[in-house]
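A.B. asks: Chain by chain, the residues run as shown.
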Amino acid sequence: MIGHIKGISGPTVSVDLKGLRLYDRVYVGHAMLAGEVIRLEQDGAVVQIYENTKGLGIGEPIKGVGMPLTVKLGPGLLSGMFDGLHRSLEKLREEMGSFISGGREVYGLDHLKKWRFSPLKERGADVKAGEIIGYVEEGPLKHFISSGCDGRISEIIDGEFSINEPIGKFYDGREIPGYNEWPVRMPRPYKRKLPPSEPLITGQRCIDFLFPLARGGTAIFPGGFGTGKTILEQSIAKFADVDIVVYVGCGERGNEMAEMIEEFTTLKDPWTGKRLMERTILVVNTSNMPVAAREASIYTAITMAEYYRDMGYHVLLLADSLSRWAEALREISSSLEEMPGEEGYPTYLASRLSGFFERAGVVETVSGKIGSLSMILSVSPPGGDFTEPVTQACLRIAGAFLMLDTSLAHRRHFPAINWFQSYSLYERSLADYFREKISHEWNDLKQRCREILQREEALREVAEVVGFEGLQDADRLLMVVAEKLRLEFLSQNAYTDDAFSPPEKTLSKIREIVEFHDNAAKRLKEGIPLQEMLKM
Amino acid sequence: MRLSEHIYRTISSIRGPLLFVEKVFSARLGEVVNILFPDGRSMDGEVLKIDGDTVLIQVYGETRGLDIGNSSVVFTDTVKKAPLSIDIIGRVFNGSFLPVDDVPMFIPEKWASVTGFPMNPSARARPEEFIETGFSCIDGLNTLVKGQKLPIFSCAGLPSKELAAGILQNSRLAVGMGRFVVVFVALGLTFHDYSFYMNVLNEIRTGFVAFVNMADEPVVERLLSPRFGLTVAEYLAFERGMDVLVVITDMTNYCDVLREVSTAREELPGRRGYPGYMYSDLASIYERAGRVKGMSGSVTMIPIVTMPEDDITHPIPDLTGYITEGQIVLSRELHQKGIFPPVDVLPSLSRLMQRGIGECHTRGDHRKIANSLYKYYAKGRDLRRLEAIVGKDGMTDSDKHMLDFADIFEREFVNQGTARRDINETIDRGISILKRFSLEI
Ligand SMILES: Nc1ncnc2c1ncn2[C@@H]1O[C@H](COP(=O)(O)OP(=O)(O)OP(=O)(O)O)[C@@H](O)[C@H]1O
Ligand SMILES: [Mg+2]
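Note that the protein sequences, when read in sequence, are chains D and Z. Mapping of the first sequence onto the working numbering: residues 1 to 536, in sequence order. Mapping of the second sequence onto the working numbering: residues 1001 to 1441, in sequence order.
If you're looking for bench data, these hints aren't it; they were derived computationally from the structure. Accuracy of the hints is not assured; some may be wrong.
Simulated crosslink set (EDC-like; lysine to aspartate or glutamate; CA at most 16 Å straight-line) [to be verified]: (1) Lys1293/Z <-> Glu94/D; (2) Lys121/D <-> Asp110/D; (3) Lys63/D <-> Glu105/D; (4) Lys54/D <-> Asp1077/Z; (5) Lys446/D <-> Asp518/D; (6) Lys1049/Z <-> Glu337/D; (7) Lys1375/Z <-> Glu105/D; (8) Lys169/D <-> Glu105/D; (9) Lys1337/Z <-> Asp1281/Z; (10) Lys1293/Z <-> Glu451/D; (11) Lys1375/Z <-> Glu488/D; (12) Lys446/D <-> Asp432/D; (13) Lys1379/Z <-> Glu483/D; (14) Lys54/D <-> Glu1046/Z; (15) Lys522/D <-> Glu532/D; (16) Lys1392/Z <-> Glu469/D; (17) Lys1379/Z <-> Glu262/D; (18) Lys1161/Z <-> Asp1193/Z; (19) Lys484/D <-> Glu456/D; (20) Lys1400/Z <-> Glu469/D; (21) Lys274/D <-> Glu263/D; (22) Lys114/D <-> Glu160/D; (23) Lys121/D <-> Glu94/D; (24) Lys1081/Z <-> Asp1051/Z; (25) Lys193/D <-> Glu90/D; (26) Lys1023/Z <-> Asp1044/Z; (27) Lys484/D <-> Asp518/D; (28) Lys1392/Z <-> Glu464/D; (29) Lys1293/Z <-> Glu160/D; (30) Lys54/D <-> Asp1281/Z; (31) Lys509/D <-> Glu469/D.
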């Protein structure tokens, strides 16, 4: 199938090729730029191009591939670094140097690397699509390989293979490949969804204690520039209690990614002691890389995340920032001259977003294991204004909302999570877990913590008028304790050892502060002046 | 590759800086065209969009005098390129890359596309080498490092020009032997400011390259000049191993042209009329700052942004802040107090500072001192609000003490006039102020 370019507008081109299907992958122009069909018309199609369209000419050829945008899933994804189209950035660098000059097919997986395959099925076994047939050791974990289709195994290896060699055969002669190819826009199947019931420990006290997240849940944190979204995402990527982290740098800075890569190759996972990079997959499409690839990047990432979920792992997808994805969608939509919705975003923004969020969850996998996919996404509202369409659309679907506050950030209170506006819908259902598995005091202390913060807010207004000295001793004590709570408990400097706080530490810190308050209050009643106690 | 140039006389409409040409047989996106006026003048343009045989062109110049019947358009089959050579150092060009310093054009060693290519994120080296600007408020509290992009957010009437000049004259690398070069890009400069900057540039011993678009010169050129400047910067940094500091003034003028072209294209406007793609467009400029693994050069960028209506949430500073690695914010209040540079350190931030300070970069006690100064100053500033309500007399002694600290910090640490302070002097000054107020460090 060969056609020609009829028109070019920003990242989209119109072509006269018939017989294409929606979301089919195509090659465009003499440079063979990768693209994807996003609209079908009577006499042709409109294609979004994943690369810079500068220099593309009218009349240049276009060729359909006959299948949609897919990723190759197999051993070797962990510690990999990919662009939005799942091209290995390291390999791109080997091939074209330090700058990405476009138009090159590069595979995400290393085709030469040898893996040791251990079978879990024998010759003669009947397997169903999605059923696990063996595994390889990939970094810290067992990478289970499942069959892509139903059949009876006639041959299965027990030894070394590389990605493009089959690991076995069916009786009807079909080969069993060691990898799986999957269209990124199609959620991978599972048996059934289960309600989230375990917490996702992030190592951030403010989150774990006040606004706990759940494995299989979704959370967003919107915040203006410089409010600490990236640092928070990266801290969670380092310390979260999960098996695998997929991190998407979606339309953000290159220097940030360089920093993250350096850190992750040296730092250790606090839960297992292994190198962090071994449990991490990076998808990076910085702000100056093509917007259509930015749009695809979150789908590429979540497909890999689902792949590991299907092996029965707890996977966390972090994306920074979802707003840049939405803006890419808007840029493409406006170059198609579609009818815009609010602030120029396409009217299907909300439905695309909820389709994406739906891919999170705890599932019983096709092979009968339990896996989870959690999502924590940052949102960058223009002007820090939370009424804008992307924040609002996310609010309706996300399970937790952690609002990052510019005024806290200016006071260098990090993470700048506003403790009055934020909420987690998982808090209730996780309360029992925290009481039983972590501490029976957990929920009561949380109640105390909330009360102190609320009381402080009320007193602050009074203090504005009468001054701190004008307050009663008990109230002054509370103000002092609240400040301690904010500075020592809710803040966590990402550049110190305090960056990671496991639940035991969180608990002992909050207990200490509340006890300090109660003891001091008791002694106040006994007549000991506040001044004296504060000196200690 | 086409065998010959294509000439068309089929302009069908002219709308501000935009032309529509019809019945074009073959065109490329981003292709450079040459527009021939009826009076013999000629001007460059660029293909923005192609729809069948109708081509939309953006003209880099004043379209007055163009007409529909007698003007013609030549399609050149190439994209916009910049000539490069080491001899470019010391030269001054206009926004169309023509020399304006009365010296003939240099002989190019090579040509490179002005849009550049995105740096592979895995090839980036983490910025961590300290650049000493000579200003305490920057070096001490908002440290700049090689490969960073750190804008100055100014308000109309504030001395951003003088601050930029100070940085241009005083900046030096604490470590590293590389050669330091300045690339200066001016968009919509008045004659008065032009003379000011040329005096400054001529005093830079290590060398400079300037691209100057004057206030009365074609506005659409302003979309190109920063890209010329950055293409030159990338060449000097990554092919000649130099440390390049790029100063662009004023990005607000750039964004206004972006809006003008977008309006002429009848695109759907985003916030305050600026186009929806402004984030990506600005990123294609700002993200060109950086360092590359295994290469010695670097591109560091200081764009100057004038915040319309002093509003930091305006789309221009807002999107800039979302892309750059921090910001230096100027304050009208400090300026009125006679403080120079009038930098408000509270909303200012250098996000790459953490890696660039301490033992091997500046001094072991740098971080501690910076944190203390910031903390106490923030406290003092907070108390100023209380002071406004209850009056200084109604405040406790310790509160008054913090108020005084904030005043002295502004007057003695931030304020430094045109004198240059090295990093030791900056840190020592911080220590001495803290000690004077017996504050814990
Ligand atoms: N936990 C933290 N500890 C110490 N400093 C922090 C922390 N979080 C944020 N910061 C400070 O705030 C700065 C900005 O944080 P960050 O880059 O994460 O902001 P952001 O919200 O991602 O901004 P943008 O939207 O522009 O990307 C950091 O460079 C750092 O100086
Ligand atoms: Mg960020």
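A.B. asks: Each hint needs a verdict: does it hold in this structure or not?
C.D. replies: Against the structure, the hints come out as follows:
1. Lys1293/Z <-> Glu94/D: holds, 13 Å
2. Lys121/D <-> Asp110/D: violated, 25 Å
3. Lys63/D <-> Glu105/D: holds, 15 Å
4. Lys54/D <-> Asp1077/Z: Holds - the C-alpha atoms of aspartate 1077/Z and lysine 54/D are around 12 Å apart, at most 16 Å.
5. Lys446/D <-> Asp518/D: Holds: lysine 446/D and aspartate 518/D sit about 15 Å apart, inside 16 Å.
6. Lys1049/Z <-> Glu337/D: holds, 13 Å
7. Lys1375/Z <-> Glu105/D: Violated. Lysine 1375/Z to glutamate 105/D sits at ~52 Å, over the 16 Å cutoff.
8. Lys169/D <-> Glu105/D: Roughly 29 Å separates the two Cα atoms, so the pair is violated.
9. Lys1337/Z <-> Asp1281/Z: violated, 37 Å
10. Lys1293/Z <-> Glu451/D: violated, 51 Å
11. Lys1375/Z <-> Glu488/D: Holds, at roughly 15 Å.
12. Lys446/D <-> Asp432/D: holds, 13 Å
13. Lys1379/Z <-> Glu483/D: Since the Cα atoms of lysine 1379/Z and glutamate 483/D sit roughly 13 Å apart, the hinted pair holds (cutoff 16 Å).
14. Lys54/D <-> Glu1046/Z: holds, 11 Å
15. Lys522/D <-> Glu532/D: holds, 14 Å
16. Lys1392/Z <-> Glu469/D: The given pair, whose Cα atoms are some 14 Å apart, holds under the 16 Å limit.
17. Lys1379/Z <-> Glu262/D: This hinted pair is violated, its Cα atoms lying about 35 Å apart.
18. Lys1161/Z <-> Asp1193/Z: Distance ~8 Å between lysine 1161/Z and aspartate 1193/Z Cα, so the pair holds.
19. Lys484/D <-> Glu456/D: holds, 12 Å
20. Lys1400/Z <-> Glu469/D: The hint holds at about 13 Å.
21. Lys274/D <-> Glu263/D: Distance ~14 Å between lysine 274/D and glutamate 263/D Cα, so the pair holds.
22. Lys114/D <-> Glu160/D: Given that 16 Å is the threshold and the Cα spacing comes to 6 Å, the pair holds.
23. Lys121/D <-> Glu94/D: violated, 39 Å
24. Lys1081/Z <-> Asp1051/Z: With Cα atoms ~24 Å apart, lysine 1081/Z and aspartate 1051/Z exceed 16 Å; violated.
25. Lys193/D <-> Glu90/D: violated, 36 Å
26. Lys1023/Z <-> Asp1044/Z: violated, 20 Å
27. Lys484/D <-> Asp518/D: holds, 14 Å
28. Lys1392/Z <-> Glu464/D: Judged against 16 Å, a Cα distance of about 13 Å means the pair holds.
29. Lys1293/Z <-> Glu160/D: violated, 35 Å
30. Lys54/D <-> Asp1281/Z: holds, 14 Å
31. Lys509/D <-> Glu469/D: Answer violated: lysine 509/D to glutamate 469/D is near 28 Å, above 16 Å.
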